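**Student:** Each chain, written out:
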Amino acid sequence: MAHERVLVVGGGLAGLAATMRLAELGIDVDLVSLVPVKRSHSVCAQGGINSVNALTRQQGDSEWKHFDDTVYGGDFLQHQPPVKEMADWGPKIIDLMDRLGVPFNRTSEGFRDQRRFGGTLYKRTAFAGATTGQQLLYALDEQVRRWEVEGKVRKWEFWDFLAPVLDETGRCRGAVCQDLVTMEFRSFPAGAVVLATGGNGLIYGRSTMSMVCTGSAVSRAYQAGAWYGNGEFIQVHPTAIPGADKLRLMSESARGEGGRVWVPRKPQDPRDPRSIPESERSYFLEERYPKYGNLVPRDIATREIFDICTTEGLSVEQDRLCVYLDLTHIPRETLDRKLGGILEIYEKFQGVDPRVTPMKIFPAVHYSMGGLWVDYERSATGGLVEGSFRNQQTSIPGLYAIGECDYQYHGANRLGANSLLSCIFSGLFVAPTLANACGSGSRAAGDESRLFDQEVRRQEERHRSLLARTAGVENPYGLHQELGTLMTRVATVVRRNDQLVPAYDEVCRMAERWTRCAVSDTGNWTNQNVVFTKALGDMFPIAKLILKGALLRDECRGAHFKPAFAMPGLKATDPVGRRQEAEQWCDTFEANTRRWLKSTIATCGPGGDPEISYQDVDTSLIPPRPRLYGLVGADAIEEVWKERSARATDHAGRAAQPAGAGA
Amino acid sequence: MMIRATDDAHAMTDAAGAQRGELVRVRILRQDVPSGESYWERFEVPYERNMNVISILQKIAAQARSQDGRKVAPVAWDCNCLEEVCGSCTMLINGRTRMACSALVDRLLAEDGDEIELRPMSKFPVVRDLVVDRRRLFRGLEKVEAWVPVEGSYDLGPGPRISPDEQEDAYPLSTCMSCGCCLEACPQYTKVEVVRREGESEKDFEARRKAAYDAAFVGAHAVSQAMLFNAHPTGRMIADERMKALTRQGGIQMCGNAQNCVAVCPKGIPLTRSIARAGRAATVWAIKRLFDR
Amino acid sequence: MSGESPSFLERHQFLIYRLFSLAGFVPVGAFLIVHLLTNASILAGDGGRTFQSRVDMIHSLGPLLVPVEWAFIFLPMIFHAVVGFVIIANGLPNVGSYPYVSNLRYTLQRATGMIAFAFIIWHIWQLHALGKPFGGGRFDAHEAASSTAAVLGSTAVSILYCIGILSAVFHFANGLWTLGITWGLWTSPAAMRRANVVSIAVGVVLAAAGLGAVAGFRSLPADSASHGHAASAVHETLPPSSP
Ligand SMILES: Cc1cc2nc3c(=O)[nH]c(=O)nc-3n(C[C@H](O)[C@H](O)[C@H](O)COP(=O)(O)OP(=O)(O)OC[C@H]3O[C@@H](n4cnc5c(N)ncnc54)[C@H](O)[C@@H]3O)c2cc1C
Ligand code: SF4
Ligand code: SF4
Ligand code: FES
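Protein chains in written order, with the working numbering: chain H, 1 to 663; chain Y, 1 to 293; chain F, 1 to 243.
Any given hint could be a false lead.
As the list claims (entries may be wrong) - These stretches of chain Y come out as covered by chain H in the derived footprint (C-beta under 8 Å, 3 or more residues):
1. 56 to 66
2. 95 to 108
3. 170 to 180
To be verified - Partial list, computed: chain Y residues near chain F (C-beta under 7 Å):
4. G256
5. N257
6. Q259
7. A263
8. K267
9. A276
10. G279
11. R280
Said to hold, decoys possible - Derived BS3-like pairs (lysine-lysine); straight-line CA-CA distance at most 25 Å:
12. K203(Y) x K191(Y)
13. K338(H) x K267(Y)
14. K348(H) x K338(H)
15. K562(H) x K598(H)
16. K152(H) x K65(H)
17. K71(Y) x K59(Y)
18. K155(H) x K191(Y)
19. K348(H) x K267(Y)
20. K65(H) x K92(H)
21. K191(Y) x K244(Y)
22. K123(H) x K291(H)
23. K152(H) x K210(Y)
24. K642(H) x K65(H)
25. K155(H) x K203(Y)
26. K291(H) x K571(H)
27. K152(H) x K203(Y)
28. K71(Y) x K348(H)
29. K598(H) x K65(H)
30. K123(H) x K338(H)
31. K210(Y) x K155(H)
32. K210(Y) x K191(Y)
33. K123(H) x K92(H)
34. K244(Y) x K288(Y)
35. K598(H) x K642(H)
None of these hints come from the bench; they were simulated from the model.
Note that the structure is a prediction, hence the values are computed from the model and not measured.
Using N, Cα and C, we set each Cβ at its ideal position, and we do this for glycine too.
Using the sequences and the accompanying hints, generate a full structural model.
**Tutor:** Okay, here's the thing in structure tokens:
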């Protein structure tokens with residue numbers, strides 16, 4: 001078999017970028033997706049995509065600074081070479097997307113316009129109206145359609161990835177997928193398989209993610225032996241619109257343009273918010289953070305809103321957690337000019353005009369930093385070696401992962417507008433790797449069909465047994481809701497060990513209950529019921545590893561916040577005391593870094609229970625430093641830290657000298 | 001103006017009396033398999049504030065019981081983003097084509113009495129219940145070569161400079177999510193259903209299906225995309241190809257100017273402008289070709 | 001629909017539809033204007049003299065009249081009608097579900113097209129020489145006003161004429177507007193609105209002319225016949241205009 005195909009699972013930004021490049025390299029691609037690729041979750045991204053550009057460069061920006069902002073924002077939890085490579089590719093990627101016809105907003109001279117996003121001082125973010133993700137996805141979708149017409153790409157839309165197929169040596173030889181219309185199973189032998197299946201927000205019930213973001217494909221790879229990295233790092237967005245079906249994102253620009261967050265002082269005050277006098281309102285962000293007011297960073301805003309509703313019981317509504325985000329004091333014309341697009345979203349889905357009535361918002365699960373563990377090969381300059389077999393390869397040889405479903409680029413927290421970049425980057429970058437992987441490794445054709453037949457039979461068996469469970473007592477939709485509620489309660493904004501321990505047991509019990517789920521549709525034609533039930537079953541192993549990872553990580557890092565292990569600011573007010581406390585603070589920080597600056601690696605044990613281990617992080621390019629934003633005594637700590645790092649580089653410099661002279 | 005619409009909706013909702021604890025009645029036109037008979041089934045789900053048609057369908061899936069308490073298979077339907085950007089959830093709601101995710105129950109009840117009616121799109125073959133096969137719509141994009149013909153993905157610098165005016169002109173067209181509302185409402189767009197013949201190979205069937213699609217009207221959606229790319233400095237380089245496609249059988253000439261497309265497009269895309277521009281381009285192109293031959 | 005290889009008609013669909021659109025404007029539409037305005041000259045108040053002289057002008061074509069009629073009126077009209085019926089057969093009007101003004105117009109365009117077609121056949125049978133073998137053809141070029149008035153003397157016929165004329169006028173005026181979109185004369189919504197005003201104005205003028213003429217013929221004074229004769233007496237001195 002000289003001619004091998006590549007199987008790309010998932011047609012979001014990452015999957016389409018990989019497909020396009022593969023086709024261009026002359027490789028035939030099978031592209032499998034649950035939904036028509038043009039309808040993938042990537043369409044939801046509104047804000048924009050980051051890269052250094054001509055303008056920021058002249059203000060002192062560089063690829064290195066983008067790289068630095070990304071690892072700093074991610075609390076140093078990501079291996080640095082892939083991030084450096086991504087930042088280096090940024091400008092090329094935006095240029096490419098521009099050439100593909102993405103209607104980026106323009107300056108009056110006709111150049112691409114940029115805006116500023118959180119976590120940086122530079123205007124790095126290129127954007128296309130309020131639908132950047134949609135525009136980027138369409139540009140890639142169009143190119144892939146072009147290759148489809150040429151015959152290089154074959155799309156399998158409305159197909160579900162069920163399992164990778166491994167040979168005796170443990171190498172991935174392809175996969176088995178299922179047609180969601182006819183329910184037929186099919187083997188996809190491939191020189192390499194790449195998963196680009198996005199996030200897993202549905203584990204939290206409702207999130208800002210799309211309905212196919214169940215994480216099922218990743219879970220299936222994990223259950224087949226792939227490692228999962230940094231699972232406990234889940235980003236929560238502070239302002240989303242709570243809905244019965246979904247939590248829709250309300251852009252941060254609402255606060256940026258002067259929106260005020262408040263709750264009535266009287267719990268669940270039934271009055272019309274407009275008639276509640278100022279004195280009976282608590283503008284809690286402004287009260288607690290007089291300096292930043294409503295513009296505190298994402299994670300702080302999230303925690304405070306969460307706290308006021310749960311701990312203090314001041315939620316606006318009785319049966320639903322939410323606070324007011326109020327824009328009604330801003331003139332209508334200003335609102336329409338600056339926020340028109342996003343206010344329309346609120347109005348469309350809530351049926352209420354936010355220019356007149358305060359919006360109700362609450363934090364929502366938004367992004368999964370964790371994902372399948374993937375490898376990389378470091379180059380001499382600290383970037384990656386293009387085309388290396390190892391890039392983006394999971395712990396299963398021949399099985400790769402890209403996009404939101406890998407764990408590689410965002411560490412403990414993702415910067416806004418960096419995800420679209422990492423998706424396109426990893427997609428483009430993995431293509432030469434996959435092309436090289438094709439045709440490598442000898443195999444016996446006879447064996448192969450046996451392997452696939454075996455897996456198809458296993459899947460058919462699973463499917464049949466699910467359909468046979470008509471007499472079950474559990475309702476899969478109800479169970480999903482329970483799982484979501486539990487996960488949202490214990491594993492989002494604030495984590496506490498005394499909640500995580502029982503929650504883990506509870507999820508184990510739910511996984512057990514799942515085996516008694518009844519499917520109400522026993523037919524074999526477009527049976528969405530059984531597909532969902534399957535995906536639900538595959539959520540438990542991931543939910544478990546999230547909980548266990550969170551339970552074991554006794555520290556605060558990025559999106560993972562455990563009050564019991566928070567490092568408070570300085571208390572002393574006199575210079576000497578402050579200095580002393582700052583030294584102590586830095587000692588603790590260093591000790592914590594030694595202990596916890598490690599990737600969490602989960603492997604799937606028997607019964608779907610995770611085994612957790614830790615792996616050192618490559619921080620060779622930028623040494624870790626504390627994130628001090630908003631901390632009391634930040635300046636004193638920073639001073640101590642600077643002295644220490646100066647000493648450290650001094651040492652390193654001296655240590656390196658003899659070697660340098662010798663070379 | 002917006003406020004008035006909202007307040008009205010609220011006022012009317014109160015009149016319609018849907019409140020917490022009450023039930024919302026839904027009537028769904030179901031069909032088990034593509035060639036099967038369709039039939040009506042009624043459901044009731046508990047009312048909730050800000051409910052949309054998707055949440056109704058979710059509840060129906062969870063309860064899997066019809067109004068009279070019979071156990072029935074859950075209704076099948078398509079959705080993904082729930083934000084009206086992916087184009088999945090098009091259906092006929094109270095007789096009109098729209099996106100289920102942005103169809104608020106309060107408004108529907110205010111509009112149309114006390115029962116909500118859901119039907120699958122009528123211009124595409126039904127797969128099951130509310131799920132239809134919209135491959136013809138994507139075929140339209142292939143037909144008009146809706147892409148920028150770049151040489152490849154190697155780094156060749158930025159794209160062409162584009163004025164803000166051009167960007168503002170192109171951007172709305174570029175938000176088309178291939179939902180098919182414009183096609184559903186178009187009186188000139190009629191259903192094409194190709195059924196596999198006994199013993200026909202997958203490949204032959206595929207070819208026959210595509211030929212059937214190509215012979216029928218491409219529809220406003222593809223015409224508009226063709227215009228989008230004909231306006232792009234690089235996309236324009238194959239403008240002739242697109243004009244050829246638009247003037248072949250099933251091309252722009254099939255439009256009867258009913259302008260329903262523009263009225264129902266959930267993205268408010270100026271489709272009639274695109275159609276008229278395509279008409280103009282076709283006029284010029286056809287005349288040029290007459291003399292250039 | 002999807003024959004293995006497309007037929008001639010399918011291969012040239014664009015050309016045919018465009019010619020269809022054009023034919024509706026010129027010569028068919030243009031003829032409609034001339035015809036209605038000619039008829040309206042009955043309103044000149046001179047008992048049909050102006051009308052008769054217009055008719056004479058047309059008939060001065062002599063032996064050329066028949067080929068001209070066929071080339072510029074009947075054949076284009078038949079072509080427009082045949083293609084029109086194909087289009088109507090392939091459309092699925094849906095004003096019920098989508099009661100928008102432009103959709104209503106789309107549906108009316110088809111309805112009026114069919115009404116106008118039926119009316120024209122009837123009208124030709126009734127008045128044109130072609131109707132003679134079938135017991136019609138009651139128009140007499142020499143007695144233009146009176147022979148027409150005789151036909152329109154019946155109220156029922158007049159009502160049907162009014163319906164037919166209004167249908168034809170709507171079909172033309174609305175068609176004018178859609179033609180501009182089809183050919184890309186007006187592309188922006190604002191331009192379409194402006195063109196719409198013009199189309200409506202054209203429609204109103206033609207409708208007034210058409211209905212006015214019906215009224216005019218009906219209210220021709222009883223002695224109009226003699227006026228007609230007088231006119232034709234003058235006429236007699238000229239060579240016979242048609243066989
Ligand atoms: C509301 C919102 C706004 C955002 N805004 C921004 C922003 O402004 N900037 C930014 O950088 N990032 C943003 N993000 C994050 C970003 O959109 C996502 O991380 C990114 O789009 C993920 O792309 P992807 O290619 O990895 O996967 P996706 O686009 O999620 O695609 C996944 C694909 O996998 C397929 N798939 C999944 N499971 C299976 C299976 N079992 N079998 C077969 N196929 C399967 C799906 O069908 C789909 O095609 C936002 C996210 C959200 C939720
Ligand atoms: S304007 Fe044309 S494309 Fe649009 S609905 Fe009417 S006939 Fe269809
Ligand atoms: S043009 Fe509008 S209605 Fe038509 S497919 Fe696109 S978004 Fe949908
Ligand atoms: S679910 Fe995406 S448009 Fe409705």
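**Student:** For every hint, state whether the structure bears it out.
**Tutor:** Hints, one by one, checked against the model:
no.	hint	verdict
1	56 to 66	holds (count 4)
2	95 to 108	holds (count 5)
3	170 to 180	holds (count 6)
4	G256	holds, 6 Å
5	N257	holds, 4 Å
6	Q259	holds, 4 Å
7	A263	holds, 5 Å
8	K267	violated, 16 Å
9	A276	holds, 4 Å
10	G279	holds, 4 Å
11	R280	holds, 2 Å
12	K203(Y) x K191(Y)	holds, 22 Å
13	K338(H) x K267(Y)	holds, 20 Å
14	K348(H) x K338(H)	holds, 18 Å
15	K562(H) x K598(H)	holds, 17 Å
16	K152(H) x K65(H)	violated, 39 Å
17	K71(Y) x K59(Y)	holds, 14 Å
18	K155(H) x K191(Y)	holds, 23 Å
19	K348(H) x K267(Y)	holds, 12 Å
20	K65(H) x K92(H)	holds, 16 Å
21	K191(Y) x K244(Y)	holds, 24 Å
22	K123(H) x K291(H)	holds, 23 Å
23	K152(H) x K210(Y)	holds, 18 Å
24	K642(H) x K65(H)	holds, 18 Å
25	K155(H) x K203(Y)	holds, 14 Å
26	K291(H) x K571(H)	holds, 19 Å
27	K152(H) x K203(Y)	holds, 16 Å
28	K71(Y) x K348(H)	violated, 34 Å
29	K598(H) x K65(H)	holds, 23 Å
30	K123(H) x K338(H)	holds, 18 Å
31	K210(Y) x K155(H)	holds, 15 Å
32	K210(Y) x K191(Y)	holds, 14 Å
33	K123(H) x K92(H)	holds, 17 Å
34	K244(Y) x K288(Y)	holds, 13 Å
35	K598(H) x K642(H)	holds, 23 Å
Consistency with the previously given hints fails for numbers 8, 16, 28, ordered from lowest to highest.
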